Amino acid sequence: GESVGLHLPTLSVQEGDNSIINCAYSNSASDYFIWYKQESGKGPQFIIDIRSNMDKRQGQRVTVLLNKTVKHLSLQIAATQPGDSAVYFCAAGPGGKLIFGQGTELSVKP
Amino acid sequence: DVKVTQSSRYLVKRTGEKVFLECVQDMDHENMFWYRQDPGLGLRLIYFSYDVKMKEKGDIPEGYSVSREKKERFSLILESASTNQTSMYLCASSFRIRVNTEAFFGQGTRLTVV
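As given, the protein sequences belong to chains B and P, one line each in that order.
Per our numbering, residue 1 is the first one in the first sequence, and the count goes up by one each step.
Per our numbering, residue 1 is the first one in the second sequence, and the count goes up by one each step.
Just so you know, these hints were derived from the structure itself, not from any lab.
Please note that the accuracy of each hint is not assured.
[What the hints assert, rightly or not] The list that follows gives simulated cross-link-like pairs (lysine to any residue, SDA-like), each with its CA atoms no further than 20 Å apart:
1. Lys57/P x Arg96/P
2. Lys97/B x Glu72/P
3. Lys97/B x Thr112/P
[Unchecked claim] Facing chain B, according to a computed beta carbon distance under 8 Å, are these residues of chain P, among others:
4. Gly16
5. Leu41
6. Phe48
7. Pro61
8. Gly63
9. Ser82
10. Leu90
11. Glu102
12. Gly106
13. Gly108
Here the structure is a predicted model, which is why all the values come from computation and not from measurement.
We put the CB at the ideal spot given by N, CA and C, even for glycine.
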């Protein structure tokens with residue numbers, strides 16, 4: 001069946017460095033991809049999304065890259081801050097039904 | 001702002017009890033979802049609904065049922081709670097299924113079955 005997987009369950013970065021979180025998906029029909037951030041005790045919050053007709057999309061301090069050839073997407077966070085510490089999920093889906101990966105826990109060292 | 005509200009943050013129930021988890025959204029979204037979240041497994045879809053009285057099974061529907069009598073409310077029912085249903089339950093909503101759009105999540109209900 002469909003699956004979405006993250007490459008690393010945990011990631012530790014120094015404050016001020018850039019973070020890169022990677023994700024792979026299995027369904028070639030997936031046409032919509034989204035990254036969520038989940039802080040402790042809260043529900044997931046939307047960060048950024050990208051549609052399959054794009055390779056790159058930028059937000060405030062975040063960039064999502066999509067490589068449909070190898071079914072891979074990544075989230076880049078520039079100048080990582082302590083407030084970025086959280087679990088990050090990627091999700092993929094055709095239509096509104098999203099399939100989530102397991103999550104990567106990002107820790108930011110001061 | 002979109003608001004998805006789950007009725008309880010924490011619940012403790014006994015094995016065999018019938019458990020109701022309630023979710024309400026205030027943005028007139030057609031789609032509503034129930035996920036469970038477990039360490040190392042991410043979010044897994046239990047059931048979703050794209051209209052009133054409509055429901056479809058997700059990836060792990062066994063032991064659960066749902067009810068959607070009104071557009072804004074989606075209930076998850078554990079018919080006979082078991083210890084392996086101890087988990088974090090997340091409700092989400094979004095606009096209609098054919099439009100690619102993000103889902104908005106509630107804060108979650110942490111259910112413990114003893």
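For each hint, the structure was consulted:
For the suggested pair Lys57/P and Arg96/P, the alpha carbons sit about 17 Å apart, so the restraint of at most 20 Å is met. Pair hint Lys97/B plus Glu72/P holds up; C-alpha atoms about 18 Å apart against a cutoff of 20 Å. Between the alpha carbons of Lys97/B and Thr112/P the distance comes to roughly 27 Å, so the proposed pair goes past 20 Å and is violated. Given the 8 Å rule on beta carbons, the hint for Gly16/P is violated: about 29 Å separates it from the nearest Cβ of chain B.
With its C-beta approaching chain B no nearer than about 6 Å, Leu41/P sits inside the 8 Å limit, and its interface hint holds. Taking 8 Å as the C-beta contact cut-off toward chain B, the hint placing Phe48/P at the interface holds, the least distance being around 6 Å. Taken as an interface hint, Pro61/P does not check out: its beta carbon lies about 14 Å from the nearest beta carbon of chain B, beyond 8 Å. About 19 Å separates the beta-carbon of Gly63/P from the nearest beta-carbon of chain B, more than 8 Å, and the hint is not met.
For Ser82/P, the interface hint is violated, the least distance from its beta-carbon to any beta-carbon of chain B being 23 Å, above 8 Å. At about 6 Å, the closest approach between the beta carbon of Leu90/P and any beta carbon in chain B falls short of 8 Å, and the interface hint on this residue holds. Here the hint on Glu102/P is kept, as its CB sits about 5 Å from the closest CB of chain B, short of 8 Å. Hint status for Gly106/P: holds, given a least beta-carbon distance of 5 Å to chain B, under 8 Å.
At about 5 Å, the closest approach between the beta carbon of Gly108/P and any beta carbon in chain B falls short of 8 Å, and the interface hint on this residue holds.
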